Every structure is written in structure tokens, then in C-alpha cells.
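S.K.: Residues per chain are reported as follows:
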Amino acid sequence: MSNMHEIRERIKSIGDIMKITNAMYLISSSKLKKAKKDLAATEPYFNKLLYAMRSILSRAPEEADELTYFDERTHIPEQKRKKALLIITADKGMCGSYNHNVIAAAEKVMEETEMSHLSVMGQVGRMYFQRKARAGKLQLDPHFFYTTQNPNLYRARSIAESLMERFAKGEVDDVYVVYTKMINSMEYEPHVQQLLPLDVTHFVADENDVTKHHEAEFYPTVEAVMQHLIPNFMKGLIYGAMVESFCSEQQARMTAMDSATTSAKDMLAALSLQYNRARQAAITQEISEVCGGSAAMESGG
Amino acid sequence: MAKTFRLELLASDRPFYIGECEHLVYPAHDGLMGILPGHESLVTIVQPGEIKYKVDGEWRYCAISEGFAEVRSDYVLILGDAIELPDEIDAKRAEEAAGRAKELMRQKQSILEYYHTQAALNRAMNRLKISKRHSHEI
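Protein chains in written order, with the working numbering: chain A, 22 to 322; chain B, 15 to 152.
Extracted from the complex, chain A is given alone in its bound form (with noise of 0.2 Å):
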């Protein structure tokens, strides 16, 4: 008896948590569909503001090489220098690997120095470095608070400001972003983007793809033209990098949930079986019972 009872009582809380799965997979799939609607109209603005990175970066004249955001320290050694990271996670988990996809390429590029300097977006990400940065060698931005939630452009202004000026003290000597790319509409990967120094190389895929255009004329100089391109470059791929994140993590919460659901649901048909097999096996138990008793009854009477 106590076998069926165990069986009701698991079946119960099954469907009690596909219920949570099921809704949350609802949930993830209408805020999809906004992600993927903003993630469409940005992507011509992301995709053409790369290539005209590309294309202003190697047509810049050599003077450009001498100012602030192109200064590449070489003098200090790939050990010691320090690395600022900007990670972007989700605010919670039940997202399948994709926290952990984005916090193992981020930590693959911490490896690489002896000290790393980390702004995280999103509560997963933030928790998971926090319990790290008491062990030492990585150091977290305290005041770093962002969600990752419907991406702004406000925001991106703001956070590509704070690492622009690190940059600059030379509190910090790389700035890489560490995101999750859309691949199509079903994959995405863990993407490392190095933002500063500026160099044309970290925006190509390879190296025949640097185009040595004609020189252009920078109006009123390069100087100028250059200070105000630069943050606006960086806000504009920060920004792309947290709509691409955003809908990546709602992609990949629909997928975790799904399947969620879906296994809850092969569970459930599992243990309904066994329970029907454990309630016919007390049926047949109980007959023969009955029918031993009343045998015995007739012979012995």
C-alpha cells in the first residue's frame, strides 16, 4: 500500500513543478518574441557599425596609433597586465548551460593575466565572482549594478563611459566584453570581444578581411573625429552585445524549460504506469486473499 501512496505523492509533485516549467516557458517565449523583434532592428545598426569600425580603423592615418584609446602598453608583459572584463549573464538561472558557457569564456581569458578587473551584468554572473573574488587574483566592480533585462542604449552609454575612463587612468590595460552571440535563430555561443586598445584585428574574423582602403579624410581631424567616434563605438557594441545576450538567454530558457516540461511529462507517463501496476498488483493480492480465505473456510468447515 505504502508503495502506491510514495507513487501518488511523486506524480503530484511532478506535475506541481511542470506546472512552474510550463509557465515559465511561456514566459520566456513571449519575451522572445520582443527580444528577437528589437534584436532584428538593431542588427543592421550592429553588423554595419562593425564594418565601418573596420573600415574607419584601417584607413586611420599613423598619427591615430598615438592617441589615448590606441595606446597598446607593450612595455608591460602579457602576465601583468591587467584586464578589465565586462560579463554579461542573466539575472537567473533555469537557463541550461548559458551562464556557465559565458562565465568558462570569461574565465578562460582571466587565466591568460595575473590580475582582472570584472563589471558584471546580471545577478548569476555576479554571485558566481563574488564568492571567487574573496579567494583573491580577480577584483569585482562593487558599484557595477545593471541588469541585463530589456536592453537600453542609455545603459550602454553609461557602462561604455565607466570603462572608457578606466581605460584612460590606466587603471586597466585591456577591455574585453564577454557575451552570447545569436548564431540563427536556434544556436548561440559564448562570444570574447576585445574592445580597447583599439585594433583593427579584433574586428575581423581573419586577417584577409582587412581591407587597406584608400586613405580617408578625417573632417575636422583625426583628433576630434576620433574622441567622439570612439565612445560612440563602444556604446553602440556594448549595446548590440546586450540585445544579442538578452535574447540569447530568453532562447535559451524556453529551450531549458521546454524540455523541462517535456521530461516531467515522460516522468509522469513512467509513474502512472507503475502506479496502475502497483494498484493491480493490490487488486489481484487482495482476490486471492479473499479467495484463499474463503477456500479455507470451505475445507475446513
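Calculated directly from the structure, the hints in this document are not laboratory data.
Being a predicted model, the structure only gives us computed values, none of them experimental.
Hints should not be assumed to be uniformly reliable.
In the DSS-like style, the derived pairs of lysine-lysine whose C-alpha atoms are separated by at most 30 Å in a straight line are [stated by the list, open to error]: (1) A:58 - B:122; (2) B:122 - A:190; (3) A:202 - A:113.
For this one, chain A is given, so just place chain B on it according to the hints.
M.R.: Just chain B now, kept in the frame of chain A:
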């Protein structure tokens, strides 16, 4: 048929206009800049202001907050934070934003905050100006 070049006006939240254009005027850092087909290669800043571009002999107008432009002889790319039609501007909202910014300007602020408010005020004033200029043309 007039000579044309390809124009792409892209805002961060949507592609605004992609197509042929005969003549383009946009606000550069020290005044308006006019582009005709065959212009020399150029990279410039775009200030908050009004862009006008001629398509099929007809001028079209839009408001841009800051951005930058890449000009080539047959192609112009303008990337802006926000590009809007005069009709789309919410004058009331812009007015409120301008009021807010003006009030903040009176407070003591750090330099960074001051720049932020100044930029916000610029954007709001530009929106107001453009929506006013075009509002009578209905």
C-alpha cells in the same frame, strides 16, 4: 534622372532609410554639411540636429541625435543613436525632458553629470526645434 548615391541612415533601434539619394545635408561639428554624388571619402561627426535628404526630387527631413558619418563617392553611411521623423517626435515629452535637464543644470553637479545633462538638454531642444519647424506643414 539626377545622379544619385546610396544612402543608409541607421538608428540603433531600427534601420531608418536605405536607398538612393540625390543630395544630403547633415549637421557636422561646425555647421551643415552638404553631400552630392561623387564626394571625396570622408569620416565625420554628426551633431544632434536635422538631416535632410532629397529622394526623387523631393526633400525629406528627420531628426538625429548624435552619431557619425562615413562618406564615399557612391555611398554614405550615417549611424545615429536615434533617428526620427518630425511627426514621430513627442513634443510634450521632449519639453518635459528639456525642463528636467534645465532644472538639473542649476544644481551643483560633477563634470561628468554636467556633460550628461548638457547632452540631454541638447537632444531635447533639437527634438523640439524640429517638431516645431515641421508642425505647420500639415
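S.K.: Against this structure, judge whether each hint is valid.
M.R.: Now for the hints, and whether the structure bears them out:
Straight-line distance between C-alpha atoms of residue 58 of chain A and residue 122 of chain B comes to about 41 Å, which puts the hinted pair past the 30 Å bound. For the hint pairing residue 122 of chain B with residue 190 of chain A, the CA-to-CA distance comes to about 25 Å; that is within 30 Å, so the pair holds. For the proposed pair residue 202 of chain A and residue 113 of chain A, the alpha carbon gap of about 18 Å is at most 30 Å, so the pair holds.
Consistency with the previously given hints fails for number 1 only.
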